[in-house]
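Chemist: Residue numbers (my numbering), protein chains in the order written: chain C, -1 to 472; chain U, 2 to 281.
A hint or two may mislead.
[Said to hold, decoys possible] Below, in silico cross-link-like pairs of lysine-lysine (DSS-like), each with a Cα-Cα straight-line distance of 25 Å or less:
1. Lys361/C to Lys235/U
2. Lys105/C to Lys131/C
3. Lys233/U to Lys361/C
4. Lys95/U to Lys406/C
5. Lys406/C to Lys100/U
6. Lys8/U to Lys77/U
7. Lys137/U to Lys55/U
8. Lys162/C to Lys192/C
9. Lys353/C to Lys195/U
10. Lys191/C to Lys105/C
11. Lys431/C to Lys139/C
12. Lys105/C to Lys158/C
13. Lys191/C to Lys158/C
14. Lys162/C to Lys5/C
15. Lys137/U to Lys173/U
16. Lys406/C to Lys233/U
17. Lys137/U to Lys61/U
18. Lys100/U to Lys77/U
19. Lys158/C to Lys65/C
20. Lys55/U to Lys9/U
21. Lys263/C to Lys77/U
Rather than coming from a laboratory, the hints here were simulated on the basis of the structure. The structure presented is a predicted model; accordingly, all values stated were derived computationally and were not measured.
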Amino acid sequence: MAVQPKKNAMPVQEPAVRARNFKEVALGYSAEIAVAEAGRCLNCKNRPCVEGCPVNIAIPDFISRIKAGDFEGAYDMISQSSSFPAVCGRVCPQETQCEGKCTLGIKFEPVGIGRLERFVADYHNAHFKGEVKSPSPNGKKVAVIGSGPSGLTCAGDLAKRGYKVTVFEALHLAGGVLVYGIPEFRLPKNIVKKEIETLGKYGVDIQTNVVVGKTLTVDELFEQGYEAVYIGSGAGLPRFMGIPGESLKGVYSANEFLTRSNLMKAYSPDCRTPIMHARNVAVVGGGNVAMDAARTALRLGAENVYIVYRRSMEELPARKEEVEHAEEEGIKFEILRNPVEIIGYNNPEDRRDVKNGFVTGIKVRKCELGEPDEKGRRRPVEIAGSEYVIDVDCVIMAIGTSPNPLIKSTTEGLDVNSHGGIIADEKTGATSKAGVFAGGDAVTGAATVILAMGAGKVAAKAIDEYISSKQTNY
Amino acid sequence: MYKIVNKKQLNPTVTMMDIYAPLVAQKALAGQFIILRVDEDGERIPLTVAGCDKQNGTVKIIFQIVGGTTIRLNAKEQGEYISDFVGPLGRPTKTDGIKKACIVGGGVGCAIALPVAARLKELGCEVHSIIGFRNKDLVILEEEFSACSDRLTIMTDDGSYGRQGVVTAPLKEAIESGENYDEVIAIGPLVMMKFVVATTKPYNVPTTVSMNPIMIDGTGMCGGCRLTVGGKMKFACVDGPDFDGFEVDFDEAMQRASMYADFERAEREASCNLFKKEAQ
């Protein structure tokens, strides 16, 4: 039988409609489409997709269960490796991971693994009525700092092994970047809530409003009887470019803009959180966060939203689907442009003019691509004299973050690298301080949800081994 | 949920509350702040710690009723609860090496200045305090300041209490009369702190100011609280809230503070209308 060359299309909200609402863009496969898509899997011997997955989900096995109509069986298969399939199916960069390695992808479009994963998770969440089996407790306590994807994965894996896990979260709501960063239209918050509730059933306790490094220190956690600590505190301070005008009114870091809209619910007209409803917005950067900020600004009512990125479309680090969705929605890509100044309104005649200090434009310089840098990406080279101004009233900086100083500054013996990231063994997450493990953005700097989950998983195993070996030493 | 164990009206627009938050009470030092949310879906607002009682596990906050959130907070009574209360955030005020200090407080900023004055007194330092208010009705914490100050000067804009004038007048007199302060610590409206710095700088008296910019998470994630200090970008939540007054770009900070002025006005009007309706 001939293989269907293209993936089964994902049903989506129409671009013109979705550009003005915060509901989820991709609607998900039906059971029928899922079975058809599963049928495209060649079930090849090498299983390169499994290698491509940071948490090594047994992809061909769950796909063959879908093919057989055993959706719950498929879910069980995935949940052996991943704690949050409904999240990963939506936000993983599959094109560079599992799907990037798919054998079918050599000649045709790869199997829609992410879409299938999402289908299975959504099916389970909608239909599963049984109770989760709580593991028998082993009497050991572990503390996890941060309730983002890394911390929750680590907590879940340890709880399933019988540990009593407490997660400490600085904000008032658990979920980390899944709730403050990724918008509703890409990852509905009730999905995150459901995944966190499931962890609760495994006995994971989440304490919000505790800033480790301030409210409690890592050393105090050990004094309280925790035998190991996992730091998954995420990325920290937003980066700015250091160009003139970054303190003008209307300049946001993507973290602030997205936190206002997502966590603080400024997207809802009933909410009291202030956010700028700008008409013309420039988002500086080309990653997923930039796409999220741009599409959020559009949904808040902007007429023109520009992505200002210094390389070309080829180098955009964002997930391919997000770039496609952004383009369909009318986001304009000002590629090969580097901002040199943000321009503000200034009325020298009247210092009390209420418009003073608000953004009116962003001056950008054209670039061309030069030699590849150490990562193999072609370096942008600015073209002298090519500056021009894009008229905007809001600028959002989405150019990454640098590590948060709170934990390292209050934890003696915890080594950090020259960028301030915590130094952790890639294979175990072990840090320079005994009993302290770390992973996710706190170690790597801004990366993806799935890499953070992978690090949490690796550390959970290492923490289990660490605590068990301490016992046998007695 | 965090219980309001004590509530007291200090003047018509300023309220004091003791909130039960034992973890925060154990750690908080003068100069640090907390972030609270009154209710679900509420804003996160930063308030500087005005004192704490380690024994009873309570943290004292003093706030001025300025916008929607503080109106809602003020509507809560003793025995009721607020949703969230997190801290202590920021760095404590530096007290090392200070033998003689002048504490300058303006309006509700006096609530934050008080624990700093009390801490310095406790450390055996000579403390002169200058506190300023618009008028007699707005004077707060007079007794408390008296208790921890070797010299207390109260100023009102209209002369209805204490001396008439701005806080910088007695500060300048003191410096000129030869009071050798190791540090002047100013806490109050931005414009007051700007003028305190303008007063101390010519005499090169080291001056610390406590900045209270717009903030969301308060832990170094959002960058909303950025300031320019010594030509560099600083984040008030993790690098401050205290900074070297000589280095702070006050004009920029004042401009940034007005970003949501329209929104705040609308909120205040909406809340007032709501209360009017309820009253009717």
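Chemist: Hint by hint, say whether it matches the structure.
Modeler: Here is how each hint holds up against the structure:
Distance restraint check for Lys361/C and Lys235/U: the Cα-Cα separation of roughly 24 Å lies within the 25 Å cut-off, and the hinted pair is therefore satisfied. Of the supplied pair hints, the one linking Lys105/C and Lys131/C is violated, its CA atoms being roughly 43 Å apart against a limit of 25 Å. For the hint linking Lys233/U to Lys361/C, the alpha-carbon distance of about 21 Å falls within 25 Å, and the restraint holds. Proposed proximity of Lys95/U and Lys406/C is supported: the alpha carbons are some 20 Å apart, at most 25 Å.
For the given pair, Lys406/C sits about 32 Å from Lys100/U by alpha-carbon distance, which is inconsistent with the 25 Å threshold. A C-alpha spacing of about 9 Å is found between Lys8/U and Lys77/U, which places the hinted pair at or below 25 Å, so the restraint holds. For the given pair, Lys137/U sits about 33 Å from Lys55/U by alpha-carbon distance, which is inconsistent with the 25 Å threshold. With a C-alpha separation of about 20 Å, the suggested pair Lys162/C and Lys192/C falls inside the 25 Å cut-off, and the hint holds.
As the CA atoms of Lys353/C and Lys195/U are separated by approximately 22 Å, the hinted pair is consistent with the 25 Å bound. With a C-alpha separation of about 39 Å, the suggested pairing of Lys191/C with Lys105/C is violated against the 25 Å cut-off. Restraint check: the Cα-Cα separation between Lys431/C and Lys139/C comes to about 18 Å, which is no more than 25 Å; the hinted pair holds. For the given pair, Lys105/C sits about 41 Å from Lys158/C by alpha-carbon distance, which is inconsistent with the 25 Å threshold.
With a CA separation close to 19 Å, the supplied pair Lys191/C and Lys158/C stays within the 25 Å bound. Using a Cα cut-off of 25 Å, the hinted pair Lys162/C and Lys5/C is violated, with the two alpha carbons roughly 43 Å apart. Distance hint between Lys137/U and Lys173/U is fulfilled; the C-alpha atoms sit about 23 Å from each other, no more than 25 Å. For the hint linking Lys406/C to Lys233/U, the alpha-carbon distance of about 22 Å falls within 25 Å, and the restraint holds.
With a C-alpha separation of about 24 Å, the suggested pairing of Lys137/U with Lys61/U holds against the 25 Å cut-off. Pair hint Lys100/U plus Lys77/U does not hold up; C-alpha atoms about 41 Å apart against a cutoff of 25 Å. Of the pairs offered as hints, the one joining Lys158/C and Lys65/C is violated, with about 29 Å between alpha carbons and a cut-off of 25 Å exceeded. As the CA atoms of Lys55/U and Lys9/U are separated by approximately 20 Å, the hinted pair is consistent with the 25 Å bound.
For the given pair, Lys263/C sits about 23 Å from Lys77/U by alpha-carbon distance, which is consistent with the 25 Å threshold.
Of the numbered hints given earlier, the model fails hints 2, 5, 7, 10, 12, 14, 18 and 19; all others are met.
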